[in-house]
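Input sequences plus hints: build the corresponding full structure.
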Amino acid sequence: MRKSTKKDSGYVAIITAIFVSIILGIIVFTMSLGSFLGRENSLSLHLKEKSRGLAEACVETARLKIAQSSSYVGGENVNVASDTCRIVSVANLSGNSLILAQGNYRNIFTDLEVIIRQNDASILDWQEKVSFQ
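Residues 285 to 417, numbered by the numbering used here, are exactly what the sequence shown covers, in order.
Just so you know, the hints here were simulated from the structure itself, not pulled from any lab data.
There's no promise every hint is true.
Distance windows between CB atoms, simulated [as the list claims (entries may be wrong)]:
id: 1; residue 1: H330; residue 2: I299; range: 40 to 50 Å
id: 2; residue 1: W410; residue 2: I306; range: 45 to 55 Å
id: 3; residue 1: V414; residue 2: A375; range: 11 to 21 Å
id: 4; residue 1: G379; residue 2: S328; range: 33 to 43 Å
id: 5; residue 1: V414; residue 2: A351; range: 20 to 30 Å
We put the CB at the ideal spot given by N, CA and C, even for glycine.
Shown next as structure tokens:
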């Protein structure tokens, strides 16, 4: 049986300190990366919400214009505060209207396809599309 010396104890302490430092470094790196990615996801969600709000504003504007004139066909940009959205088109579907509206906020797009009843502007169908193209 071998007796441990003070010299052997020093090596064990150094190796243990190195392993603990590596493990703590990995934990800190993982947590900071998670925080960074979480911030990025939060920003993307915020931009999408703004884009969707703009598209919804254009849908509501189109509903109002259809209520004022059943011959309204869209194809215009609408100012919403300091931003804009686009009423891509409005098509007549035998008593109903199909509204295509797009919100764009910092290159994050929301494309909405909404069908409304022309006589009272009530919403019959509301869908977000991947793209109108």
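So, going through the hints one by one against the coordinates:
no., hint, verdict
1, H330 with I299: 40 to 50 Å, "holds (47 Å)"
2, W410 with I306: 45 to 55 Å, "holds (54 Å)"
3, V414 with A375: 11 to 21 Å, "holds (19 Å)"
4, G379 with S328: 33 to 43 Å, "holds (39 Å)"
5, V414 with A351: 20 to 30 Å, "holds (29 Å)"
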